[in-house]
Structure formats: C-alpha cells, structure tokens
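Asker: Sequence:
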Amino acid sequence: MTGKERESLRERNRKAARDAVLDAAERLLRGGETADFSMRQLAAEAGVGFATPFNHFGSKNAIMQALSARLIERMASHFAEEAPIGDAIDRVLAMGRISVALLLERPDVYKAVVGSLGVVSPVPSAVRAHSQRLWALALGDFSGIEAASLELGQRVLAEQLAFSFRGCVSFWIAGELDNHELADSFAIGASAILLGFAAPERRPYLLEQMEKPHSALRK
Numbered sequence: 001m002t003g004k005e006r007e008s009l010r011e012r013n014r015k016a017a018r019d020a021v022l023d024a025a026e027r028l029l030r031g032g033e034t035a036d037f038s039m040r041q042l043a044a045e046a047g048v049g050f051a052t053p054f055n056h057f058g059s060k061n062a063i064m065q066a067l068s069a070r071l072i073e074r075m076a077s078h079f080a081e082e083a084p085i086g087d088a089i090d091r092v093l094a095m096g097r098i099s100v101a102l103l104l105e106r107p108d109v110y111k112a113v114v115g116s117l118g119v120v121s122p123v124p125s126a127v128r129a130h131s132q133r134l135w136a137l138a139l140g141d142f143s144g145i146e147a148a149s150l151e152l153g154q155r156v157l158a159e160q161l162a163f164s165f166r167g168c169v170s171f172w173i174a175g176e177l178d179n180h181e182l183a184d185s186f187a188i189g190a191s192a193i194l195l196g197f198a199a200p201e202r203r204p205y206l207l208e209q210m211e212k213p214h215s216a217l218r219k
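Using our numbering, read the sequence shown as starting at 1 and increasing by one per residue.
Source of the hints: derived by calculation from the structure; they are not laboratory data.
As the structure is a computational prediction, the values presented were derived from the model and not from experiment.
Every residue gets a Cβ at the ideal spot worked out from N, C-alpha and C, and that includes glycine.
Some clues are possibly wrong.
Computed cross-link-like contacts, DSS-like style, restricted to lysine-lysine with a CA-CA straight-line distance of at most 30 Å [what the hints assert, rightly or not]:
id	residue 1	residue 2
1	Lys60	Lys15
2	Lys111	Lys60
3	Lys60	Lys212
4	Lys15	Lys111
What follows is a set of in silico ranges between Cβ atoms, one per label pair, in the way DEER data are often shown [what the hints assert, rightly or not]:
id	residue 1	residue 2	range
5	Glu151	Ala126	23 to 29 Å
6	Gly58	Ile85	30 to 36 Å
7	Asp36	Ala16	22 to 28 Å
8	Ala44	Leu207	51 to 57 Å
9	Pro84	Arg12	21 to 27 Å
10	Asn13	Glu201	51 to 57 Å
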C-alpha cells in the first residue's frame, strides 16, 4: 500500500467515525424529551470511546455546528432533486419553500441544532459561508436580475438571503413565528431583497409574493 493509499484510507476512516458520531447525535436529538444529549450519552450511542467525539470535533458546540452544516447540505440536496424551473427569483423562493419543509419534518431537532449556533464559541463556525453557498446555488445564473444590477447582485444577494433566512429561523426558534408562518415570512423577506435587483417585468410578481400572505391573514 502506497503512502497516498494509506492517507486515503485514514481519511475514509476519519470520515466514517465523524459520520457515526453525527448520526448518533441526530438519533439522540430525535429520541430525547428535550432534544439534547450529554457527551457521554453520545459516545455510548455511537459505540465509541468517550474521548472519540472530542478527538474528532473538540466540543459539543462543534458537533452542533457540524449538524448544521449537514442540514444545509440536505437542503441543497433536496433542491437539486426537485430541480425547480424558472429564473433566479423562482429558484430562490423554491429554495425557501424546500428548506422550510425540511425544517418542519423534525422541528424540535432542527430548532435545537440551529439554536445552538447562538452559543458563544472560541472558534468561529463556517455556517455563514455554508449558508451563503446555499443561496448562491439557488440564484444560479442570476436570470431575472436586471443587467444594471447584476454585478452588485452577484456580490451581495446570496449573503443577504442567508441573513434573512437565518433571521426568520431565529424568530421561529424563539416561538415568535409559528410553523405555518415560517415559509411565508421568508418569502416576504426574500422578495423584498430581490425587488431592488429584479428586472422590471419581474417586480410585479415579487410584490404579489409580498402581498399574498397578508391577504390570507386578513380573510
């Protein structure tokens, strides 16, 4: 076995051990009454030594950050599987709908995962970058964006959409948005962000998206 093959095998073993720990963490979050776990419970559930989760992640907070990254990967995967048609505006709104639907599959688990990101950590997480890539995926080729705004949109839109989604989810975690309000709340925010960049013929559609939830509430 060559050095490169040994290195590849070590990396595969490392990934398998990390995945086993993350899988165990998800099972404990689903199965517990409080969507929480201790590191000792985690090691037992994963079938590894007590030190193993620390060796691979360093802390419980880092494990929750890794679960958040896994959640974002699932959102991207679901988006790719659905392959929504349309321009960047359609795709961003579809990504919001798809991502919210995923959160609502296991709301208690995902509230615990995303809520943990607010804990102060000595090492900054990479969640902001992961989130920005998710919305860059949705924006795609920026079709539907006015040519004069394209360069600026390419610089700022993915990040601002990530901020808006995270904000809505934070209010949801805090109980200030109900499950049924989450998707509409993000759609309104995303439409407001996109409105200043959209091609003129797409602006009425965005205004309609902002108005629809309020019309439904007034009925």
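Asker: Next, verify each hint and record whether it holds.
Answerer: To see whether the hints hold, each was checked on the structure:
no. : hint                          : in the structure
1   : Lys60 <-> Lys15               : holds, 17 Å
2   : Lys111 <-> Lys60              : holds, 16 Å
3   : Lys60 <-> Lys212              : violated, 41 Å
4   : Lys15 <-> Lys111              : holds, 25 Å
5   : Glu151 <-> Ala126: 23 to 29 Å : holds, 26 Å
6   : Gly58 <-> Ile85: 30 to 36 Å   : violated, 42 Å
7   : Asp36 <-> Ala16: 22 to 28 Å   : holds, 25 Å
8   : Ala44 <-> Leu207: 51 to 57 Å  : holds, 54 Å
9   : Pro84 <-> Arg12: 21 to 27 Å   : violated, 34 Å
10  : Asn13 <-> Glu201: 51 to 57 Å  : holds, 54 Å
Hints 3, 6 and 9 from the earlier list are contradicted by this structure; the remaining hints agree with it.
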